[in-house]
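Q: Residue-level listing of the chains:
Protein chains: 2
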Amino acid sequence: MQIATPVLPSTEAVSPLSIHESTIDGGFWATMQKLNADRILPHIITWERRMGWVDNFRLSAEHHIEQRRGAVFTDSDVYKMLEAIAWELGRQPNDALQREFDDIVQWIAKAQREDGYLETSFGDTGQPARYSDLEWGHELYCCGHLLQAATARIRIGHPDCALVGVARRFADRIVEDFAPGRIERIGGHPEIETAMLEFGRATGNDAYIQAATRFINRRGHHTLADSHFGREYFQDDIPIRQATRLRGHAVRALYLTAGAIDCAVENHDDELLGIVRRQYQDTLEKRTYLTGGMGSRHSDEAFGDDYELPPDRAYCETCAGVGSIMVAWRLLLATGDLSYGNIIERTLYNVIAASPSTDGTSFFYVNPLQQRNRTHEAAPDQCSLRAQASTRAPWFEVACCPSNVSRTLGQLSAYVAVNNGNGLSLIQFMPGTIRTTLHDGGTLALRIETQYPDDGIVTITVLDAPQTAWTFSTRIPDWAGTMTVTVNGRSRTDQGAQASLTGVMPAGTTIRLEMPVAPRITYPDMHIDAVRGCAAVERGPIVYCMESIDQKLSQDLNRYRIDPQSTLTDDGRYILATGSLLNDGPTDDPTDGSADDGRLPYHDAEQHIGGQPCTLRLVPYHDWANRGPSTMRVWIPLGE
Amino acid sequence: MQIATPVLPSTEAVSPLSIHESTIDGGFWATMQKLNADRILPHIITWERRMGWVDNFRLSAEHHIEQRRGAVFTDSDVYKMLEAIAWELGRQPNDALQREFDDIVQWIAKAQREDGYLETSFGDTGQPARYSDLEWGHELYCCGHLLQAATARIRIGHPDCALVGVARRFADRIVEDFAPGRIERIGGHPEIETAMLEFGRATGNDAYIQAATRFINRRGHHTLADSHFGREYFQDDIPIRQATRLRGHAVRALYLTAGAIDCAVENHDDELLGIVRRQYQDTLEKRTYLTGGMGSRHSDEAFGDDYELPPDRAYCETCAGVGSIMVAWRLLLATGDLSYGNIIERTLYNVIAASPSTDGTSFFYVNPLQQRNRTHEAAPDQCSLRAQASTRAPWFEVACCPSNVSRTLGQLSAYVAVNNGNGLSLIQFMPGTIRTTLHDGGTLALRIETQYPDDGIVTITVLDAPQTAWTFSTRIPDWAGTMTVTVNGRSRTDQGAQASLTGVMPAGTTIRLEMPVAPRITYPDMHIDAVRGCAAVERGPIVYCMESIDQKLSQDLNRYRIDPQSTLTDDGRYILATGSLLNDGPTDDPTDGSADDGRLPYHDAEQHIGGQPCTLRLVPYHDWANRGPSTMRVWIPLGE
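If you read the protein sequences in the order shown, they are chains A and B.
Its first residue numbered 1, the first sequence is counted upward by one per residue in full-length UniProt numbering.
Its first residue numbered 1, the second sequence is counted upward by one per residue in full-length UniProt numbering.
Simulated from the structure, these hints should not be mistaken for lab results.
Just so we're clear, the structure is a prediction, and the values are computed from it rather than from any experiment.
Even for Gly, the Cβ is constructed at its ideal location relative to N, Cα and C.
Each statement offered as a hint is correct.
Which bits of chain B does chain A cover? Going by a derived footprint, with three or more residues having C-beta under 8 angstroms, they are:
1. 361–373
2. 515–527
3. 605–618
Cβ pair distances, simulated, as ranges:
4. A379/A x K110/B: 47 to 55 angstroms
5. L553/B x T502/A: 46 to 54 angstroms
6. K110/A x H63/B: 42 to 50 angstroms
Per the computed footprint, the stretches of chain B lying under chain A, defined by three or more beta-carbons under 8 angstroms from a beta-carbon of chain A, are:
7. 278–285
8. 310–319
For reference, chain A alone in the conformation it holds in the complex:
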């Protein structure tokens, strides 16, 4: 049975809930979902129309491809926007979004060729031939996003949607064209793997699942031409089963990993699942930023080396955050290990939430942990390349990120909890209601109230439950390490990755969770050269940062030191830390008349610059750059 959830394996350790079974109706993420519906999605639609990416389908239908606009992969942006609309329509009716959706789909349907092929960049007279540039052409990638949009339509209850028919015909075309004995190759940007497999799950068509499996198995055999960035860039260097780590282009690597998990699950391939699980663990241990961000390098948008985690040049593409959530969620479903919820939570609060501005009309494509310069804001009508500006931009020529954030927000309530067969396992802490059917047919309904993460208390009221014993489990966040669980007045404190209770807990039962969300200081591993001698401030799952405009004594963030013994207090607006402001030294400003003797910035003794005690003001990282250009740092040098 199809339910409104993004990943629906045929077998799993725990079962996902639909966005109808689990809803969010308050707090941080309800606000984000509302922002998505009211501002982000309309903004995306406006820009994709303005850029001509929607109209490309009309031009393709009418064979006016010489007027086509945008990069080769813009079809995928339209599909991803449709997927985001689909999830939002699944969440609640919206006539305006429905009209947009229907209008766009009609043109996509008209652009589809007789034989099912559908691309505005390839295959028409005067265009490159179909599949003539599998390395960079993104045809399979675009098809994948079409299939994900169609899957969303099926899952929210519209299997008869025109887009589903279009997707089925294009999928059939791809399956046939890339069958054994035909084009035994792959696409340069993974996406078809996870998308076609999920479309197979959604349609019950095993041919799609087998095609996805073939795409996974073919990768790493050099069926793509080498690239300037090396074959590692698109994970075609070695087969996935031989790899020990995620590598190359981060979004490509994470999308591929998601597909590999899907294939492993559907094919009962525990060996592959174990391999990919270890690859992701290795990535978490050595190639992940404090924010959950992944991908260090600008030049090839790649992971970089182990422990190469520079804060200022962190790429941390927003889409890599989405990809990491995709991977972690699939591993959680496949293994039942609730601790995958830790990286999901960290990435949601510190990457996904950081991307859109508070008004939902501009976005970060890259998410660095340090900003050295005040840069200009992009004008409201200005389209950026992608990672050039260090402030949010209203739109990008490469615009994968906004719609990826949007579809994630639309699906979000599906990630709150899972059905553990005999009850529910809570993964994220958001106000809302969960109502589902247990494996024995019983109904379980919970009401969740919380101010989390502002405080650490989550109150769960059982609205409906079986008469017999059932199991309530909850993730214990890694940053907490401990949780006090109180049921009907009886408390116990659990440590580790999860807490679990089994018993008869009828309607009216109250389960109270308590976690220590006091601000805390975090230190980097000694292997991370780039932030040696620094510390960061966190509160619950939220990473904080110093933004220049909040500091009273000096706007020069280079002059601040944080006291490792600092008491940290939350004044409602800032976390306040104690530290020092170093005396005025040379600054970054060349017009300030500072010493100008041409000496290199190296000395024969350690610098000791006196300072004065001061208070450091920190704000949540996801809130930075919402008040005009400023400088920012997450990692603050240690001092008194």
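Given chain A, put chain B in place with the hints provided.
A: Below, chain B alone, put in the same frame as chain A:
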């Protein structure tokens, strides 16, 4: 009068010597010059022929441009190779090199069009039109390197060389085509500016000097289309007189700066000279690596922000080192400030000398200060892109660096000293002989003997001198800060940037310089986030590094700490420092069975890992990676 020296201003504070007046005949750099003649130059010629770049001129002459091979700018590589050959032929006769030179020049001459235009990538039937891609087409850049090769031929005494005639005709074409009222634009990669101006000096043609000045003045007015990297990338964002810093693509910025200095000097434009001088000082203070390397970013080969100096992702393109020497040398001549010799020395020993392997058959294109992984060596017949491999490569598709090193080595003895009018100013310390004519017509000849930088003693014997008082000056290296000068047994110790003696110092006089070259520990400025809590070891002008293969207890460089109180000893092969080896923690090797729990690399307390005292072995940075793949670091974390 033309003499064999790369830069010959019509007015200057101090006068350059020719490579015939100043020779190097022993020590480190004589070995490098011999390597250049015997191995590097033949290697470059072999590869430029193998890649088809030489043959492109024949194909162009015969209008078979459909067979043309290589990137759009390979003509420049051939010209730069010819320039390197010219300087080497100026240094000493070499029949083999002369034959190569003559053979290549004949084809270049045949490829030149009737009207003087000369390009294998543009202007023929089936090719893009002339000047149709000034942003990326590199026509003016290629022309510039042709002019520099021709200037070298004039300067070493061959003004009648066919290449000079070819260059003159192409220069005239460019002057006319880019005259006021015609194409009032510039080229995307500066080079024509400094080259055409120097060609004007070499030919005495003021039209070239004025054309160069126009190219300088036009830049910054957006006559180039914007690029993905922004207009800053090719310094077209703002006029050079409005800029306060070097920015964008490092090689482009430095070549432009060299041209701006040339123009300022020839046009007696002290305002421009002052502006550019401050820009370079700012770059030295905030955007220069300990090695003298410049340019931090891989993505656009750019400077990056102030104090953005990551050791592992340091780009430090070899050509940027050459460009920095070009700028510093011009400023030294224009101002008489010998302290510009400091950055020249540092760059020579730690960038230029680092690029070629000890056998002269492979090269670094980028020069990072940390290498995290053992990477594969490129095979002897393998052409790399440019910066992909972290080991030296025999050749590159973008091959600007090898010939840039080669031409610099061929010119090198011209950088040893300058004529200060009433004597000589010594800038670099290399065994050799200097013989020149003072402004009053007197002859001055010095013999220099030294083991520098192995020791700090330089012995100068006056071979020939005026009967009257003359002035001997010498740079006091910045790393020394002090120098003891002994003349005929009488010593004095000077501090500051230079020492100067004026007196009657007849033939037979001995001047002895003594500098403290004991190994020392160097600390980074507090603004450099990327190497906080680390120190480096230097000895004289030479930066040292730890290479994994030299360490006895562990190959994992992450485990070593250097004692800031360490005594440093030189055992003839290594500098030995005391420090500690941390106990075995998690390593970079994913196959080592280390903890695999998926925890992020962040902790709630500072890590304190015990260790044992040990000896750190350091080698000169320029020697690293000559004994197979290894890991390396210049900056070593401080510990006991």
